[in-house]
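Chemist: So you can see what is in the structure, the chains are spelled out below.
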Amino acid sequence: MAIRRLFIANRGEIAVRINRAARELGMTVIQAHSEADAKSLAVALADEAVAIGPPQAAKSYLNVEAVVAAAKASGADAVHPGYGFLAENARFAEAVEAAGLIFVGPVGDTIRLLGDKVSAREAAAKAGVPVVPGSEGRIGDLAEAGRLAREIGFPVLIKAAAGGGGRGIRIVEAEAELDRNLGQAAAEAQAAFGDGGLYLEKAITRARHIEVQILGDGKRVVHCFERECSLQRRRQKVWEEAPASTLDATHRAHITAAAVALAESVGYRGAGTVEFLYDDVTGAFYFLEVNTRIQVEHPVTECITGLDLIQAMLRIAGGEPLTLRQEDVRLTGHAIEVRLNAEDPAKNFLPFPGTISELRVPGGPGVRFDSLLYPGYAIPPFYDSLLGKLIVWAEDRPRALARLKRALQELRIEGVKTTAPLFQALVDDADVRSSSVHTRWLEGWLAASKPEEPRREARAG
Amino acid sequence: MPKLILSHLPGTFYRKPAPDKPPYKQEGDKVAPGDVCGLIEVMKSFHEVLCEEHGRILRFLVENEAAVQAGDPLAELE
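Heads up: the sequence lines are chains W and V, in that order.
When we follow my numbering, the leftmost residue of the first sequence carries the number 14, and every step to the right adds one.
When we follow my numbering, the leftmost residue of the second sequence carries the number 378, and every step to the right adds one.
Each hint should be verified, as a subset may be incorrect.
[Claimed, not checked] When the alpha-carbon atoms are kept at most 27 Å apart in a straight line, the in silico DSS-like pairs for lysine-lysine are as follows:
| # | chain 1 | residue 1 | chain 2 | residue 2 |
| --- | --- | --- | --- | --- |
| 1 | W | Lys360 | W | Lys430 |
| 2 | W | Lys232 | W | Lys139 |
| 3 | V | Lys421 | W | Lys52 |
| 4 | V | Lys407 | V | Lys393 |
| 5 | W | Lys430 | V | Lys421 |
| 6 | V | Lys421 | W | Lys360 |
| 7 | W | Lys85 | W | Lys72 |
| 8 | V | Lys421 | W | Lys72 |
| 9 | W | Lys52 | W | Lys418 |
| 10 | W | Lys72 | V | Lys398 |
| 11 | W | Lys418 | W | Lys430 |
| 12 | W | Lys72 | V | Lys380 |
| 13 | V | Lys421 | V | Lys393 |
| 14 | W | Lys360 | W | Lys418 |
Quick caveat, the hints were computed from the structure, so don't treat them as lab data.
None of the values given here were measured: they were computed from a predicted structure.
Only chain V is shown next, with the shape it has when bound in the complex:
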């Protein structure tokens, strides 16, 4: 059973803090609880997506700027 990072909110998912900035995390990066791995824009306000477990990002499951629902998996950890 892979570990997943889930979206807690519906909205638009961003992997970068701003269009001209590098992504928070790349596939293969190690993560720890509290690390920011993306942003969800909901109704024009921005909310950080935090990692809840230790691990390594195997892959992102949604594209940058994709529309997501609450509960959607965003990334897979190993």
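Excised from the complex, chain W in its bound form:
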């Protein structure tokens, strides 16, 4: 059944992106919003808007019962969860389906299987995908953890089985620190995810982050090539490219085939991403995790393939079989995305909510700007700091870098501090230009270019 009325259970730039895809398919868009988002661009562009609760995400965008009830009452026939919030919540996916609506994404069991780090790793190993040496499942006790860590060699990573998005990870450099870290990690995982389960992995200290975009219809899966997202700060991606310029045709064929094998082995439906660590020196790659949703950085894949991934998700969710054959997915040129966050790079990336006093959006050939911005918009402090993404495409990587530099010069966002100055510096950096980077490169570069100010931080939640 083709979707006619789509309920967008998200906010910000991804809600705007989903709106555009859906309206081009002739759908009526119903935008969910918190009290703080009534004046958002996503609401302004929607056919209908529904308030779902107070500003705090826990009481609105993360409230399964409120979102499902609002979607049902709106007369929608499908719910797109975007990314973050409830996008990878199996209980939400099942609640949407139980209410008689289509969930635009994989079935709850797939989300559950791939969302748990341990079962995802087991599924990868079963599908013949290389995994990082580590525990075969959850760690039973401290003695077992010690034995295993000695066997695989320090440094090791302790990861929360229920973690994700870079959270719930600790690095342990030496055996003396292992017991203390295990105890703290278990307590933190219990507090943050309601599940104290941990597993151990060898820490690969110098690797690239390469991820493969997949599309499946529950039976057949195709890949849409890979993205490289090695430039990260605190395990959050800030700059993404497609394709990964370090891969030759052989390595590209191996890594994309591995992603398809894993996705087909679980009967994957929808858009997803299989993430890998890639060792430049040996050419070895290791399974990291699967994200069972659309990702922030999906536009770079759209630029090099000409596909509309959100529309593909909506068509699959509406019951269309995947008509795309693997040989139809062609890689053309090179794309780069930078994430424009409301943060002050000069002040240790301190969040900077505020009102947009002036906005000049870059344009011209090969430039795309996906954002939640409009002049006069007051950015609420309750959600993440992503304002939008500047994406460029060109025939090859050097031309894409030149285009990015030009587009950054055109861009003007006044009223808040943004991460644009960071990218103006990075685009001219010799290591970035030669793509001689790894996942810890940016933090080193930031530390070298400016001493980090001491910052008091705590967690609540």
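Guided by the hints, dock chain V onto chain W, whose structure is given.
Modeler: Leaving out everything else, chain V in the frame of chain W:
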């Protein structure tokens, strides 16, 4: 004129370091400069609210998990 603890940031105010932990300060507690009396979550990052004066917390002026603006009074001291 009562002494107030103000929020320096807009966001969500928390009285506890984590949902399952006790509050940093109770009404009636003595405080000194530098004491942590809450957290402000702004754009998913957490910032401690520090007391700037000696005193005793008379009462909190906003609920735990309330939305606050920069400059809003959070607690009253005596």
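Chemist: Take the hints in turn and mark each one as holding or not.
Modeler: The hints, checked one at a time:
1. W:Lys360 - W:Lys430: holds, 10 Å
2. W:Lys232 - W:Lys139: Distance of about 18 Å is within 27 Å: holds.
3. V:Lys421 - W:Lys52: holds, 20 Å
4. V:Lys407 - V:Lys393: This hinted pair holds, its Cα atoms lying about 17 Å apart.
5. W:Lys430 - V:Lys421: Given pair lysine 430 (chain W), lysine 421 (chain V) holds - Cα atoms ~17 Å apart, limit 27 Å.
6. V:Lys421 - W:Lys360: Holds, at roughly 17 Å.
7. W:Lys85 - W:Lys72: holds, 18 Å
8. V:Lys421 - W:Lys72: holds, 15 Å
9. W:Lys52 - W:Lys418: violated, 32 Å
10. W:Lys72 - V:Lys398: holds, 20 Å
11. W:Lys418 - W:Lys430: OK: lysine 418 (chain W) and lysine 430 (chain W) at ~19 Å, within 27 Å.
12. W:Lys72 - V:Lys380: violated, 32 Å
13. V:Lys421 - V:Lys393: Holds: lysine 421 (chain V) and lysine 393 (chain V) sit about 16 Å apart, inside 27 Å.
14. W:Lys360 - W:Lys418: holds, 23 Å
Checked against the numbered hints listed earlier, the structure breaks hints 9 and 12; every other hint is satisfied.
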